[in-house]
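> Guided by the hints, dock chain S with the ligands onto chain X, whose structure is given.
Each protein sequence line maps, in turn, to chains X and S. This note's numbering puts the first residue of the first sequence at 1, with every later residue one more than the last. This note's numbering puts the first residue of the second sequence at 1001, with every later residue one more than the last.
The hints are simulated quantities; they were obtained by calculation from the structure and are not laboratory data. As the structure is a prediction and not an experimental result, all values here were calculated from the model. The C-beta atom is built at its ideal place from N, Cα and C for all residues, glycine as well.
To give an idea of the interface, some chain S residues facing chain X are shown, with a C-beta separation under 7 Å as derived from the structure:
(1) F1007
(2) K1015
(3) R1090
(4) A1095
(5) K1097
(6) A1175
(7) G1181
(8) A1183
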Amino acid sequence: MKLTLFVWRQPSGASSGQLVRYEAPDVSPDMSFLEMLDVVNEGLVLRGEAPIAFDHDCREGICGSCGLMINGIAHGPMKGTATCQLHMRSFKDGDTIYVEPWRARAFPVVKDLVVDRSAFDRIMAAGGFVSVSTGSAPDGNAIPVPKPDADLAMDAAACIGCGACVAACPNASAMLFTSAKVGHLQLLPQGQPERHRRALGMEAQMEAEGFGGCTWHGECQEACPKGISIDWITRLHRDFIAATVTQREESAADAGF
Amino acid sequence: MTRILGFWRSVVGKKVVMGATGLIMIGFVVVHMLGNLQAFLGSEKLNAYGALLHGPLHEVTLLLRGVLLAAVVLHIVAAVQLTLLDRAARPVGYARKVPQAATPASRTLRLGGVLLLAFIVFHLLHFTTGQVHPEFIPGDVYHNLVSGLSRPLVALFYIVSMLALGLHLYHGAWASLRSLGAAQPAPSPLHRPVARVLAVVVWLGFTIVPVAVLLGWLA
Ligand code: HEM
Ligand code: FES
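Chain X with its partners taken away, still in its complex shape (with noise of 0.2 Å):
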């Protein structure tokens, strides 16, 4: 296959961009999008010119790392797929293939397409988890679980935080992997004693890094590679207004802090 590329470089997040015309003259349809750019950089290795950047790990789809805006689309043209999943055989020989990075202010440019999504892990940081004294490891369903909230808490946690949903969203909102991220654990026993806490403090973590709200498009639930639903972002709302209402402190024992 033939192929003209537009490729947004910018050398840093200080710098200006713009978008880079290559010619990738002989690309095989077996090739993953990502294994396409490595051809295509070692292109410029030869003339001397700098790679593109790009962001990427475990390539199988499970790790978050890789995330390209191609052609309009999070992830490219194929439904429920991370970029390093999306094979050249979803494109035609002779497409032109705009290549863009996740826009958002709390994502920032670092280089050419690799953004910087540590606002991520400060929502994180801010309730996604459960307090719990480490020690031996407690035996396994030594806490009981109902089997459909062991389904459902799996169906969000399948997130891997890769940010299409942000990047894909009209408003640049977060609504969808912090809901996610929130919902998964509020369904579960060990995620009952910080529930409120968790609620606010992810939201609050969210506004702060500067995403936008939800307007209920649904383009993030259609670009993310996990499939995970809109549902969790209307779990989060009802968290949320209850959180607000009870206005439950837990104690600083109860959270085991």
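Chain S with the ligands in isolation, oriented as in the chain X frame:
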């Protein structure tokens, strides 16, 4: 008090307020539409309904006006603040962006909202206080309605505004229950049969009146 303020300041809290005030306005809009449709029963019926609202039910009308005014103000303030926040969240846009799920309704909420605001102001000056109605007769609702909507440009403004209302409701009636956390989980959360019917009914129910006047069905 700090609790209420904190709720209002938060993004999620503001969305809950938008949804709640939106639902209040939807309730009003449906009742208002049913009221209007009495025009087809003749001038006595419609004028009697008007007289009822301003006579025996005067206090109720005043109270509801207060609630509605509060709802409209909160809805608009939240809309403006959320819009500014959302804009600021993406300072650099995409060269290419292809919507995958957003509908014409969801993408015109803001534009449509501004049109609705203009409509509400005009509409009140037109049929409630009469400042922009050259043939206004206080209390003669039917006369005001028919003579007001006989002007094609005015009728057109009503018709276009009701299109905006229908679109706003197609998205809003569904979204509000999600913002309030009341919507039940669904296999395809974007499906909205009830909102669809409501939007079409409200759109048709309002639009039929100016159309009927233009066609001479109401005279
Ligand atoms: C007065 C002028 C109006 C303006 C400026 C306005 C503006 C908006 C905006 C910008 C949104 C989307 C907010 C966001 O998520 O970012 C919205 C949502 C909504 N609007 Fe309006 N609107 C107006 C009038 C109305 C009317 C008359 C109704 C009902 C009859 C209504 C019902 C709704 C509902 C139910 C929602 C959904 C709220 C949610 O997502 O939970 N609005 N409006
Ligand atoms: S590189 Fe790990 S998910 Fe794509």
